[in-house]
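Please build the complex by placing chain B on the supplied structure of chain A, with the hints as guidance.
Protein chains in written order, with the working numbering: chain A, 1 to 111; chain B, 1001 to 1111.
Hints in this document: simulated from the structure, not taken from any laboratory. Honestly, I wouldn't trust all of these hints.
Stated by the list, open to error - List time: in silico SDA-like cross-link candidates among lysine to any residue, alpha-carbon distance up to 25 Å:
#1 A:LYS44 x B:PHE1045
#2 A:LYS62 x A:ASP74
#3 B:LYS1098 x A:ASN52
#4 A:LYS62 x B:GLN1003
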Amino acid sequence: EAGVAQSPRYKIIEKRQSVAFWCNPISGHATLYWYQQILGQGPKLLIQFQNNGVVDDSQLPKDRFSAERLKGVDSTLKIQPAKLEDSAVYLCASRQGDTQYFGPGTRLTVL
Amino acid sequence: GQQVMQIPQYQHVQEGEDFTTYCNSSTTLSNIQWYKQRPGGHPVFLIQLVKSGEVKKQKRLTFQFGEAKKNSSLHITATQTTDVGTYFCAGPASGTYKYIFGTGTRLKVLA
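Extracted from the complex, chain A is given alone in its bound form (with noise of 0.2 Å):
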């Protein structure tokens, strides 16, 4: 079974630019979420969809953050614009029963 796929691995944008971030979940996951860690820290969740719908949002921020996830499979996180406390790797993970699975991240420095 494929593992949750992420794209890029890695970033490196100035501050005042815009990223965007790429997730496939593993197929027939219905819930997707965002993390975004920074070095040293736990994951902190940024926003969870159900299918296509958002679930939690609450800790996103919305100034500058946005998310989709068309048609309930792939989900794109898009950063605009990036400010130098946005540096962190984003993790993608899905959910299946109680079990959430991550993808590899990618590590955005903005510098």
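What follows is chain B alone, placed relative to chain A:
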């Protein structure tokens, strides 16, 4: 808001020694999950505990859920170099599948 804390933050042990990490939630949890994240890797689901006082074992790993369902522990017997990584606990916000991750315990095993 709900907080999940772990102690210690770091632990260095000699190979063959035991290791324990403790997880404490500010609120009662319906369940608790444990994840392992290898250096440079992504979190990998280890186990979920649901019942008050529940104890589960996976080879050298023993997981326990407190009686009040606000704390949990992970004990590793006779650590090996393959146990290196950061161990996170995660608990759901009340009535949701929104998981709050703990601060993590980074384990280093010296050969």
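So, going through the hints one by one against the coordinates:
1. A:LYS44 x B:PHE1045: holds (16 Å)
2. A:LYS62 x A:ASP74: holds (20 Å)
3. B:LYS1098 x A:ASN52: Distance of about 17 Å is within 25 Å: holds.
4. A:LYS62 x B:GLN1003: Given pair LYS62 of chain A, GLN1003 of chain B holds - Cα atoms ~22 Å apart, limit 25 Å.
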